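**Student:** Taken in order, these protein sequences are the chains called H and X. Every position in the first sequence, counted from 1, becomes a number in the working numbering once 635 is added. Every position in the second sequence, counted from 1, becomes a number in the working numbering once 190 is added.
The reader is advised that the hints may include incorrect statements.
Mimicking DSS-like on lysine-lysine, the simulated pairs with C-alpha atoms at most 25 Å apart in a straight line are [claimed, not checked]:
hint, chain 1, residue 1, chain 2, residue 2
1, H, K831, H, K786
2, H, K963, H, K786
3, H, K939, X, K229
4, H, K694, X, K229
5, H, K939, H, K883
6, H, K811, H, K939
FYI, nobody ran anything at the bench for these hints, they're computed from the structure. It should be emphasised that the depicted structure is a prediction, and the values quoted were computed from it without experimental measurement.
Below are the chains, spelled out letter by letter.
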Amino acid sequence: MKLRTLLAGAMALGLATGAQAQDDPVKVGFIYVGPVGDGGWTYQHDQGRLAVEEEFGDKVETVYQESVPEGADAERAITQMALQGADIIFTTSFGFMEATNAVAAKFPDVKFEHATGFMREHPNVSTYDARFYEGRAVLGTIAGHLTETNKIGYIGSFPIPENIQGINAAYLHARKVNPEVEMVVTWAYTWFDPAKEADAARAMIDQGVDVILQHTDSTAPQAAAQEANENGGRVFTFGQASDMEAFKPLPRVASIIDNWAPYYIERVGAVMDGTWEQQATWAGIAGGEVEIGEITDAVPADVKAEAEELIAAMADGNYHPFTGPINKQDGSVWLEEGETPDDGELASMDFYVEGISGGIPN
Amino acid sequence: MIRLERRPTPSRFWSAAAPILAVALTLVVGALMFAALGKDPFEALRAIFWDPVFGEFAFYFRGQLLVKAGPLILIAVGLALGFRAGIWNIGAEGQYIVGALAGAAAGLAFYPSDSWLIFPLMVACGALGGFLWAMIPALLKVTLGVNEILVSLMLVYVAERSLLASAAVGWLRNPDTVGFPGSRNLSRWEASANPELIAGTGAHWGVAAALIAVIFAHVLLTRHLTGFHIRLTGAAPRAARFAGVVPGRLVIFCMGFSGALAGLAGLFEATGPAGQISIDFASGYGFTAIIVAFLGRLNPLGIVAAGLLMAVTYVGGDNAATNLGLPAAAISAFQGMLLFFLLAVDVLTNFRLRAGKGVTA
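Looking at chain X on its own, in the form it has when it is part of the complex (with noise of 0.2 Å):
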């Protein structure tokens, strides 16, 4: 028989080789399950993680893995750092959603005026509309006591189904066209546009943004004492009191925080790759960031590593789906044993496999 025994503290060994051993064994179950499906399993695996990075056609595929890589690790460096407290900000989704829409509005609100001041405008109330819309589930936490996880998650219903769907059919719809849903393109009125800084690199001002993000979390989480607190408080929470952290004034810096970053991501994808505020304008970023989050690690260097092979899997995803006329449903279900193998190996992390009889404490 073979028994869990709890680690006295995590294995940082398990903790280091389990994002490793899940994508180890994601690359084989997914090759069975392409297998199955009747393909060459060594073809999909090329399309999926070759071809992107290296294939014919990566001079393009490369822009495109910043270009998805970009949201994902601006999002999870932010949640990382709630996640390190014990603080679940899930509701990321719904900050993307509401820092794109204040921020659109913002900048719209001055069409067509060509002032330079309309995209900082817009980057300011991106952020600041994500902020918000964190502080509700921030504060309801600090003063009720009410559940985070809930909170931010059924919020995110709420930006999608109400704000998002009525921007985009009605407050914020391009009222040149005759009445089909969606802003004005964005990316095409130069006020608003986040381009390319450097053509052909698919690297936009989002990009530039993670980068600082990551640089200034990991800086924070190393080197100052906030990020000392809120390593202490996911250690231990009762030490963390007696240490003189306020529970409170953290909740609403990690959940602020992440959620600033959020929109600030919603606002950069809005006024760059996507172009405009539509209906489908949510793509489930705010969500992949989670997974991204964890499998990084959540260590901001970690994120960048899991953001960018999960962009891999994006784009070699379609790659694939198009090359090999795989259904999209087996890329999805490719993703998602990511995820799964992460979390059952990370069970290695924290416990060891006991083979034998327990002794029954």
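Only chain H is shown next, with the shape it has when bound in the complex (with noise of 0.2 Å):
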């Protein structure tokens, strides 16, 4: 193909005005699927991206660009970046997965890191991911504990694995220490959208849903459930991706914090000596990139240390959210005593455990 050839033209031209000055700072460049300023998911890749510049300092150069749609203008974006001489590029969501593997055809040299992904299609393609669903094993212990009306909600995102994961692990861990819990969810479709994520919160709120976890990127659910407190609610919240610690100590009385900064050095460092190489990372507690936020004085002292011991056995190794018995919704045998599931198995995790209600939109 002729664009190639031209790319690959352009390519060959960085690449030797590259070469003619070695101290050039290493570019990184940043796709973000919503404004920096989402307080959550985005926001938090940029203090990731931030925390880059404070290690390295004058040694690199970042850029980004924000609010950049899962679509067709995604593979755009990165081109441009790629074009501009970016020498890793982090694409932080899901949904960019195959523009990234194309733009990665057309530059071999520049590397990319995919988040949330599974595909890796060129070598100079790594992806990255975190166990969110260690995180809401925890939150699901707390939420078990609060709520009186037995009604815990969940905000999915979209009804792929990273979101059953999450209702999943929120739900066994909840029924582990209130057997009458029941989990009512909802499906945003969208990872950030304030208007949607309000609404389902405060419809959950009206259904009698008292402790709600959300997998949606705005803090918009906090400020509903904040609302409905100041009306003589009683609704806690879980700060999502990031700590969300403007509504502390109610509603939000913990939260699941994604800490990408300490991947993000170490592969701008990779780059900087050359040791990048593709590789598939999923870490969570135990790796630092999956925090659990402040958990505030309204969560009463034993139900807090229940749940920090629950975070040290992670953080250990020492247990794993999904571990048998554990039946899938139908009744059939998930998981036999003490057995845990692979990773593969998590990654393509398609079904409901025993319990929960309703089913997954397909």
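Using the hints, put the two chains back together into the complex; each one sits in its own frame.
**Tutor:** Set out below in structure tokens:
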């Protein structure tokens, strides 16, 4: 294809000039799905970018583009970053998967890092992800204790395995401490849409849900819960992706924090000393990628202690949130006593565990 | 005191000058906004308007301009016909989605055949899907007199929230991936792919279709009786009836034509630049095309220029966002200003400014 030849030519040109100026900083690009001010997912990736700047100072230059839709525009945004001399590009949403791989084919000397995906079609594409479900297990434990209506809600983004892992992990651990608990799931079909997220939260509160977990990126559900509490409600929430500390101590009683900074620093460092290699990373609480934010005093001390014990057990590698016996929703056996799933099985999870009602939209 | 006085006939001068003045005002106010954000306004305007066309990487960006402008022009040309007759199809975004879904579904039904007939079939079904989706507001308007603006707009959300969402996670989902939303990659399946016709230009079948549609609409408006009826209905609806225009038939024609073109745009996008039906497939082309239609003065040739200009603000806007760290919202505000100033300046087409006290009528 002629375009490829042209791009390759441009690449060669870029390499030639790059070789002349060895002291050029390493250029690090970030493609964000939401605005950096979303207070959640993208904000947290941008914190990672700032940490890279802090770590390497003059030796790096970072660029980013925010609110890039997960469609045809993504490929252009990534291509443009590569053309303009980025050495490594982090594409930080699942929906950038095909675009990342398509651009990677045209720029074999640029490193690509795709968050939460599984496609690595070219040797210059790595993927990285975090075991959010470990954090959900902790939040589920707290939720099971806090609920009085025995209804906990989960605002899902898309019915993909990442969300389903979270729903199952949260439910299993809530049920463990409160057998009466019921899980209410709403699909927002968006990663970031404050209006829709707020509607979902309000609808849940109207149904009697009093603890809300979210898998979407804005603080709108927190605000909706706060509003309900101001009007005499009793609703608890958890910060998502970012600490969302503005909503402490209530309704936000704890949070699940994505900490991408160590990974970004490590990978940019690898580009600098020429040791970057393709890999697929999936770290969790043990690796420090998933953190639980401050558990506020609104949570009883014994519940807090129980949550902290669970965190410690996962940090040591002594506990897997999906440890059998666990049945699937239809009653069939998923995991035998003491059995844990392998990563492939987790990454393709498409069923609810026993006890959750309703179907996964399909 | 300054007051507005209605002109007896719209000013031809201002009708032509309004888009130019609107662009100029956008440049000035946009530059002020960029300066207020602490960026060099000339750098920003250069990144938006100069770099995509003449800059270092123009060889790539020029192709991207056609990729962006193609669907905008294709949809806007269809909309403009209706708008000229006072028929307001606001739901092109929905017709775009339904066209893409119908075309993709028709093609995927034969997966993994490699028959050459598949792509033409998909194109036909894409047009048909958009046409039928537009027929809902059209028939409701003709039979029950329901306002087509509301119905066509509401149907956008039906298409996006239920049809597209269920297709991407359910009935059109790629069965080879594990639970991930999105259809098979249509641009990688040879039978359905809509590749660049000339490598490096960005011109795919959708761009070719846009060109054909522009020529067709231009000839229709200037040489054909239907075009005369459209112009007459817009200018003088009562006179049009005496001239033998059947309003219902015109509604069906304009809605159907614009729906079919929007459906085509969706199909070409799904098989080309987007490559698949994903949850985020609705990219707002159907709404932006409304701006393009008005910016182009509802004239097919003007729409070509307007579509390219809008494409420049998109491609250049992205360029400015990465290079200068401009927030995405600033780029959207800049694009919004264009429509805002156009509407504001357009007042001068139908009204003139008069100083002094008005004579009370």
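**Student:** Work down the list of hints and note, for each, if the structure agrees.
**Tutor:** Here's how the hints hold up against the structure:
For the hint linking K831/H to K786/H, the alpha-carbon distance of about 21 Å falls within 25 Å, and the restraint holds. For the proposed pair K963/H and K786/H, the alpha carbon gap of about 20 Å is at most 25 Å, so the pair holds. Straight-line distance between C-alpha atoms of K939/H and K229/X comes to about 48 Å, which puts the hinted pair past the 25 Å bound. The suggested pairing of K694/H with K229/X holds, with an alpha-carbon distance near 23 Å, which does not exceed 25 Å.
Restraint check: the Cα-Cα separation between K939/H and K883/H comes to about 15 Å, which is no more than 25 Å; the hinted pair holds. With a C-alpha separation of about 15 Å, the suggested pairing of K811/H with K939/H holds against the 25 Å cut-off.
Comparing the model with each earlier hint shows a violation of hint 3 alone; every other hint is respected.
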